[in-house]
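Colleague: Using the sequences and the accompanying hints, generate a full structural model.
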Amino acid sequence: MGYRSRASSRRGSGNRPSRSTHSKPKSKTKKTKGGQYVEETPVPSLQEISENTVSSLDRLGGQTFAVSPFSNYFDDWLMSLRQVISEFESNAAVNVDEALVNERKQIFADVEGELATLRLREADLEASAKALSESNHLLVELDAQYAAQTRELSQKRNSDIENLTKNVQALKEELAEVNQMKTSFFGFTKKAKKQKQEEVTGRLNVAKNKVEVVVQNFAVEQEKLHDDYQKKKQETMAKVRSLEKEIEDIETDRSVEPRKATSTALSNAVNTFIQRTTISSS
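The sequence shown runs 417 to 698 under our numbering.
Possibly wrong hints are sitting among the right ones.
Straight-line C-alpha distance at most 35 Å; calculated DSBU-like pairs for lysine-lysine [as the list claims (entries may be wrong)]:
1) Lys609 x Lys624
2) Lys609 x Lys582
3) Lys640 x Lys582
4) Lys626 x Lys582
5) Lys607 x Lys626
6) Lys612 x Lys582
7) Lys572 x Lys647
8) Lys588 x Lys598
9) Lys607 x Lys624
10) Lys546 x Lys661
11) Lys607 x Lys582
12) Lys546 x Lys647
13) Lys610 x Lys582
14) Lys612 x Lys624
15) Lys661 x Lys649
16) Lys626 x Lys609
17) Lys640 x Lys546
18) Lys661 x Lys676
19) Lys582 x Lys606
20) Lys676 x Lys649
21) Lys648 x Lys661
22) Lys612 x Lys626
23) Lys598 x Lys610
24) Lys588 x Lys610
FRET-style restraints, in silico, Cβ to Cβ [unchecked claim]:
25) Glu662 x Val627: 49 to 55 Å
26) Asp491 x Lys521: 27 to 33 Å
27) Gln613 x Gln638: 49 to 55 Å
28) Glu637 x Glu589: 29 to 35 Å
29) Val627 x Arg567: 31 to 37 Å
30) Glu662 x Gln638: 32 to 38 Å
31) Asp491 x Arg692: 29 to 35 Å
32) Thr668 x Leu555: 41 to 47 Å
33) Ser696 x Glu464: 17 to 23 Å
34) Asp491 x Lys546: 20 to 26 Å
35) Ser506 x Leu555: 55 to 61 Å
I should point out that these hints are in silico values taken from the structure, not numbers from a laboratory.
Think of the CB as a built atom: it goes at the ideal place given N, C-alpha and C, for glycine as much as any other residue.
Modeller: Below you can see the structure in the form of C-alpha cells.
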C-alpha cells in the first residue's frame, strides 16, 4: 500500500473535550410574611448531582477525536475530565470520603500512563510516516537514476562500437585492395603481397577483437548497473513494506478504549460513593 498524505495537526479541528454542564434546578417562589414573593433556588439532591456527573463522564467517554495525531487532544480531554470530578467533589452537598479520593487518584494515574504510552507511539508513527514518504520518493529517484545511467551507457557503447566498426571496415577495404594488387617478378612480388596481406589481416583481427571486447565489457557493465539498481530497489521496497505495516493503523485512535474505560471507572466510583453515603446516612 502506498502511503497516503495525512492531515497536519490542527488543534482547533474535531470534537473538543467540553466542560461539563450540570443541569440546574428551576427556581421556585416563596411568599414572605409581608405578602411578597421571592425566588429561592432549591438545593439539588445528592442523587441529582451524581446523575449529572455520570452523564458528563459518559459524554467524555464517548468522545471522538477528528484527525491524527490524536495525542494533540489528550491534555484537553484530561482537563475536562478533571473538571467534572472537581465540580462533583467541591459541591456543598457532597462529603467526599477517603475511599473515593484514593480510587479517583488511581484511575487518573492509570489513564495518564496509558495516554503517555500512546503519545510516544504516535510520535514514532509520525517519524515512520515521514520515513515512508522519503522511501517512496527514493524509489522514484532510483528509477530515474537507473534510466539515465542506462541511457548514458548505451550512448557511450554505441559511440565506441561505431568508431571501432569504422576501423574494421577500413581494414577490410584495405585488405581487399591488397588482394587485388598484381604481382611481378621485379615489382610487387608475391612474397611482398603475402606479407602485406598478413599484416593487414592481423590488424583487422585485432580491430575485430576490440569490437568484441568492447561489446562484452559494456554487457558486463550494464549487468552490474542493473544488479546494483535491483539491489537498492529491493532494499527500499522492503523498507516501504515494513513501514506501511508499521503505520497501517496510524489513522486509528487507540485512545478510545482506555478513555471510555476511564470514564466508566469514574462513574462506577461516583455511584459506589453515593451508595456508601446513602447507607451510612440511613
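Colleague: Which hint numbers doesn't this structure obey?
Modeller: 20, 26, 27, 29 and 32
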